[in-house]
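J.: The lines below spell out each chain.
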Amino acid sequence: MAVLPPGVSAADFAAALSQMATALGADWVFSSDDDLGPYRDSFSPVWDTARERRAGAAVAPADVAQVQSVVRIAARYGIPLFPISTGKNFGYGGPSPNVNGSIVVDLKRMDRVIEVNDQRHFALVEPGVSYFDLYRAVQERGAKVWIDCPDPGWGSPVGNALERGVGYTMGHFRDHFGAHCGIEAVLPNGEVVRTGMGALPGSQSWQEYKYGFGPDPAGLFAQGNFGIVTKMGFRLMPAPEHYRSGLITVPRRRDFVALVDHVNYLSDSFMVGEAVYGSPLASLMGRPDFLALATKPGGASDTDLDAAASAAGLPSWQVELQFYGPEAATAAQWAYARDRICSAIPGAKAVAGEHFSLPPTPDQLANTTQPYHSLIRRNGAMGVPSLGIWKIVRDNGHVGFFPVLPRSGEACFDMQRVMCDALREFPLPPFFSAVTAPLYWHTFAFQMVFAPSVKRDDPAHNAMVDRAMRKAVEVAAKHGWGDYRAAPIYQDAVADTYSFGDHALRRMLESMKDAIDPQGIIAPGRGGIWPRRYRESRDGRTSA
Amino acid sequence: MTRPILWLIAALAPVTLYAKPAPAPSVQRGQAVFGKWCAPCHGAGRGDDGAPMLPGTAALAARYKGAVPAALQSRRDLPAEALQVFVRGGIGAMPMFRRAEVSDADIAAIAAYLRFTSAGARR
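Here the protein sequences line up with chains R and B, keeping their order. Going by our numbering, the first sequence opens with residue 693, and the numbers climb by one from there. Going by our numbering, the second sequence opens with residue 56, and the numbers climb by one from there.
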């Protein structure tokens, strides 16, 4: 046996696995090195080092009763469990646990699409269902609803939502945890709870009113460790009739401030789907003189950047807008957005993009016929899962830092400058520069991306990436920007930055953790929340 | 009597002379497994947003530079033992796949399917 959890004897671990094999069937208990290889984080920057987090075993229950059995056996022996849904959380730890030797509870076999409802627009699924599976179920049932999928599409709606993943359609569906409606979870004592209306026996509105009555604990299960989620409901978008897109450019760097304000208005008024920002000046980054300007220490002046844009004959910024709904409504919304922005920002230009009846043809889905170079992920915009995004994965994958920042142009400029300067010492591509555009994935916030690649055969490179990640988290936090999601090896560092009131939130959550999970068996350390038993393990301290 | 018999022969000809036998059950299973787990990255179709190939197919095209076909369905050199190495161990940007996702029998079925699809492929 390669790895044991802290404080657990080999005999107890073996006894627990034997009992789990009785409960689940021996075929669904994995403990050989060969079996456990795929439970490592293939994107890990600490691969084969002492800091890598490795599972001690894995089990794959087929239903809720088997999950309860696993939890009760683990509690008997004080063995930490780490639940995964489809295990595709790449860039954020993959299927690997927070605590070495944990038993991964692999929920892939729980893959039922329990309900798809196109009258009240929701789905209820188990954690092993992937976005591909849910899309297929919607198609096979002929349901008139769209899913909102992230990239890539092999992840789980449950797992992605619990990681607060994001998608590409309308704002209130892009926030996947925000779009959930109803959770069922197995608690550390083996009991099954349902949140919201699911707690009311006989209720028919579990997927329609997420709150029920009293405190809503649903948020405790997202990036948390208060139970193993076994069912989850999601709101779905009624299948729209028509899709329309358009491009708006603005000439000067400072125009971005007004552009963002206008798009915020359009988005918060539910007129547009994902607004995809970009800078046409990014095409100049291959030129050494422009690269030097865009990454100038302290930030380049607006005047110099405007001069570079003017010399290149390029606008400074662009945004692609997307509209869903009846054809006439999308036309009116585009006309309104175009006129609103172009009349307010001197020099702004609008180009009408493709529009077509839905569902898209294969060519429309392939996004090959826009009259301009588009940055839109068309599959995502159409709610069609795909693995096409994997084309951006380099080397052996990457780690991800996606700091949250306000939806303002000024905040974008600040993050460009601060993070560019902070990460200058690291020999990495310029993730932050004067042309870095915000990602508008979450409903009401921007993010930027820092995702350096890892190289399994180059430990020195990985060590540099690791230092850069930690510095990025630290520097961002000093400016009020926090990461939204992190791999187990970075969760303590990120959680440390959410320190208001001398870590009052963490104390509250850890008090709750101790009460609900006194043995600390469910994903200790996840989200930076450590049960009393492991609290000294915070950020790599290993005693249990 | 000859005329109806000739008509009957003509009617059956496409079936009796040209129809291929139904693929073996392992091939059919392999087709389903490949379609679910492999084709979204390693299929022969185009990629997203103007990309000429899917990511896995593009990666193999870059790796082998035409020495072997980039699309797995045209590969003749991927028996189950080789697939086990790549599926369980990953390679490059491709992660590992767990037995709870793709069983050893599934991998054998993929191999059978690839033997079937690559039967007429160039070497």
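It cannot be assumed that every hint is accurate.
To be verified - Cross-link-like lysine-lysine pairs, in silico, DSBU-like; alpha carbons within 35 Å at most: (1) R/K1041 with R/K988; (2) R/K836 with B/K120; (3) B/K120 with R/K1170.
To be verified - Just a sample of chain B residues kept apart from chain R, beta carbon distances all over 12 Å, derived: (4) H97; (5) G100; (6) G121.
By construction, these hints were calculated from the structure, which means they are not laboratory data. Bear in mind that the values here come from a model prediction, so they are computed numbers and not experimental data. The C-beta atom is built at its ideal place from N, Cα and C for all residues, glycine as well.
J.: With reference to the structure, classify each hint as holding or not holding.
T.: Checked hints:
1. R/K1041 with R/K988: With a Cα-Cα distance of about 29 Å, the restraint between R/K1041 and R/K988 holds, given a limit of 35 Å.
2. R/K836 with B/K120: Violated, at about 44 Å.
3. B/K120 with R/K1170: 48 Å, violated
4. H97: 9 Å, violated
5. G100: 9 Å, violated
6. G121: It holds; B/G121 is separated from chain R by about 19 Å at its closest Cβ, greater than 12 Å.
The structure is inconsistent with the numbered hints 2, 3, 4, 5, although it conforms to all the rest.
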